[in-house]
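Q: Chains as they are written, first to last, in my numbering: chain A, 1 to 430; chain B, 1 to 312.
These aren't lab readings, by the way, just hints derived from the structure by calculation.
Since we're looking at a predicted model, the values are computed, not measured.
Keep in mind that a hint or two might mislead.
To be verified - Label pairs and their in silico Cβ distance ranges:
hint, chain 1, residue 1, chain 2, residue 2, range
1, A, Ile185, B, Ala85, 41 to 47 Å
2, B, Glu182, A, Asp28, 54 to 60 Å
3, B, Pro232, A, Arg55, 46 to 52 Å
4, A, Glu376, B, Leu206, 51 to 57 Å
Stated by the list, open to error - Each computed DMTMM-like pair below joins lysine to aspartate or glutamate, with the alpha-carbon atoms no more than 25 Å apart:
hint, chain 1, residue 1, chain 2, residue 2
5, B, Lys180, A, Asp417
6, A, Lys43, B, Glu268
7, B, Lys180, A, Glu418
Even glycine gets a Cβ: it sits at the ideal position worked out from N, Cα and C.
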Amino acid sequence: MSAPEKIEAPVQVEDHGLLRFLTCGSVDDGKSTLIGRLLFDTKAILADTLQAIERTSQKRGTGAIDLSLLTDGLQAEREQGITIDVAYRYFSTGTRKYIIADAPGHEQYTRNMVTAASTANLAIILVDARKGVLTQTRRHSTLAHLVGIPHLLVAINKMDLVDYSEQTFAKIKADYLEFAARQGIADVRFIPLSALNGDMVVERGERLNWYDGPTLIEILETTPAAHTEHAEPFRFPVQYVCRPQDSANPELHDYRGFMGQVESGSIQVGDAVTVLPSGRRTTVKAVHLGGVDIGRAITEQSVTLLLSDEIDISRGDMIVKRAEAPTPVKEIRATVCWLSETPMDRARTYLIRHTTREVKARLAAIAHRLDVNTQEKMPAEQLAMNDIAQVELKLAQPIFADPYTVNRSTGAFILIDESNNNTVGAGMIL
Amino acid sequence: MTAPLTQHTLSHLDWLEAEAIHIMREVAGQCANPVLLFSGGKDSICLLRLAEKAFRPGRFPFPLLHIDTGHNYREVIEFRDRRAAELGERLIVRSVEASMARGTVVLKHPGESRNKHQSVTLLEAIEEFGFDCCIGGARRDEEKARAKERIMSFRDEFGQWDPKNQRPELWNLYNARVHKGENIRAFPISNWTEMDVWQYIEREHLELPSLYFAHTRPVVLRQGALVPVDVPLVTGELTNRPKAGEEILEKRVRFRTVGDISCTAPVESDADTVEKIVLETATTPLTERGATRLDDQTSEASMEQRKKEGYF
Chain A
1 MSAPEKIEAP VQVEDHGLLR FLTCGSVDDG KSTLIGRLLF DTKAILADTL
51 QAIERTSQKR GTGAIDLSLL TDGLQAEREQ GITIDVAYRY FSTGTRKYII
101 ADAPGHEQYT RNMVTAASTA NLAIILVDAR KGVLTQTRRH STLAHLVGIP
151 HLLVAINKMD LVDYSEQTFA KIKADYLEFA ARQGIADVRF IPLSALNGDM
201 VVERGERLNW YDGPTLIEIL ETTPAAHTEH AEPFRFPVQY VCRPQDSANP
251 ELHDYRGFMG QVESGSIQVG DAVTVLPSGR RTTVKAVHLG GVDIGRAITE
301 QSVTLLLSDE IDISRGDMIV KRAEAPTPVK EIRATVCWLS ETPMDRARTY
351 LIRHTTREVK ARLAAIAHRL DVNTQEKMPA EQLAMNDIAQ VELKLAQPIF
401 ADPYTVNRST GAFILIDESN NNTVGAGMIL
Chain B
1 MTAPLTQHTL SHLDWLEAEA IHIMREVAGQ CANPVLLFSG GKDSICLLRL
51 AEKAFRPGRF PFPLLHIDTG HNYREVIEFR DRRAAELGER LIVRSVEASM
101 ARGTVVLKHP GESRNKHQSV TLLEAIEEFG FDCCIGGARR DEEKARAKER
151 IMSFRDEFGQ WDPKNQRPEL WNLYNARVHK GENIRAFPIS NWTEMDVWQY
201 IEREHLELPS LYFAHTRPVV LRQGALVPVD VPLVTGELTN RPKAGEEILE
251 KRVRFRTVGD ISCTAPVESD ADTVEKIVLE TATTPLTERG ATRLDDQTSE
301 ASMEQRKKEG YF
């Protein structure tokens, strides 16, 4: 075996955290080529993977190496030559780790795109420079906006097929901005690309000199990684209660640790807190991670809170700062995406999972359904798979919610069908 | 102190750690009788550290389970037992050889790899103890079927994964609900890459079995891979005897992945410290499984196929 040639990939030197982003578009827009290009130019594809793709490309007679093969994983997808499910891909630069959620583009996979979008902080919406803004572009943008992805990037691809024309880019940008203004989409950027030739992806190339903005990778490197850049109210849903009850160790005898992830805001020792739903008040005695007191915790950290007073708290309760408590609600208005092949049944109750809390829910009314292609609001009697609708739900017990546009964690929920325990709906509280 | 307007963000390892802790606590909060699969390999060693971070000073809310093919490296088995004892957690071992004795595992021929047969023994253990969730150290970057698997992956009462009928998984709202007999496989380090694992091992100063570091051992060249030969088992018996005509080479190697002896191969390397391995991982031209797993190269869909049959 000859020693394989070494390639230089960057070792993480500084750490600018982790960015999750979504790519939407179809193979026709060059989405797989773009992902392939990003992985290839950041040295995330290794030789044996490339060889496997080469073998498969030859076997199927597609000729040139088909980078789209990198992103279809399942047998059924290979058989049909399409992407059905969301695939996750990873790469890293010298400073940042990236998770790509690669969502299939077709209308019937709306639920997959909503799934992929739920954890993304940036969406790349691919547009074929020859075709401009299409129904699909508007659908993807509507969904990305609906699911609250804070940063949208319209990547106008295949610039090589329109002679790298600045006018074409400007026309598409103007068309898109007109649509975006109607939809209330504010944070949107534009970039011309040729994923095939690698122009403006990782390298600038020579052919788009009229464009003086950042390359795709520069945009990714500088997009804020946190879900929000604002100071947010502290929200700490309790996942699990630690009571070691170790009689041999007096320090642990009365230990009660409330375990969870900081969904938003921050907390430090001494902060005055309220526990929901009981409304009991106390202060934070310690913030532990792995048994060590770290004094303070910020958004997305998983920690254990110790409180000054002995209060009965269990999974599903929420610890908040006293001055910024959310209102408990038993009736909610929400945008729901229906995910199940079985339509929503108005006569049935479902289980709603909101943070770590589970309560029974019933559909009270459907205000309207949203046509994701035309952005029109239509009357609706029921919800079928991939439908998106504004609804009213009645809950058996209160939840402690914030509007989704304000807080993507405490504004989100899923619906579960108890008969088979499937996740059947995804909701965003209005 | 006033709250800053711009929040800090976590480093990538802190973020991955926080996510994994959250997933483990969701398992503890939602499942009645979970178990953590611990093989003594690097990924499950990370899982143990994450469980410490998630649950200490309490005990883990689950025992540890190892499905032993009987063809595991002695160093790894010794490490497994020692680590479990150090943590003071309960370790359950169930063996493929016991399934063979019961007749539930039948090898096609005595030399057949026992790796895929772990599924049978795992399902038997799940039934014996009534586990409703198995926490495993699989990562999405390992293999293309894994790239599409959920963090909480539903298995029916036959342990089967149905890739076309997976539960949608949104935000960090995991659904681990099952009916009796069904099962969830939970993967807290789904979003980690091989590099992340090594960086975490480095940061946390985690101890590993010696096989992960460069050492000299006899190997033969078989189908393009270095295959270790004359490997002593826990019993002292030698396994993987060289075939007639094969030339035994003394090579300096390390393992990137450690599993059943019959299907994991080492790579040539001089990296004898975690720091050197991190550097080597950054410059390797081959993927972890491509370099070292003999079981995944059989067909394009071999991992997917095994997972449908109950493999983790």
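Q: All hints, please: hold or fail.
A: Quick rundown of the hints versus the structure:
Separated by about 57 Å at the C-beta atoms, Ile185 (chain A) and Ala85 (chain B) break the suggested range of 41 to 47 Å. At roughly 39 Å, the beta-carbon separation of Glu182 (chain B) and Asp28 (chain A) lies outside the given 54 to 60 Å, and the hint is violated. Remark: the range hint 46 to 52 Å for Pro232 (chain B) to Arg55 (chain A) is contradicted by a beta-carbon distance near 37 Å. As the Cβ distance of Glu376 (chain A) to Leu206 (chain B) is approximately 56 Å, the hint placing it in 51 to 57 Å holds.
Under the criterion of a C-alpha separation no larger than 25 Å, the hint pairing Lys180 (chain B) with Asp417 (chain A) is consistent with the structure, at around 16 Å. For the suggested pair Lys43 (chain A) and Glu268 (chain B), the alpha carbons sit about 21 Å apart, so the restraint of at most 25 Å is met. Taking the CA atoms of Lys180 (chain B) and Glu418 (chain A), the gap is near 13 Å; set against the 25 Å cutoff, the hint holds.
Checked against the numbered hints above, the structure violates hints 1, 2, 3; every other hint is satisfied.
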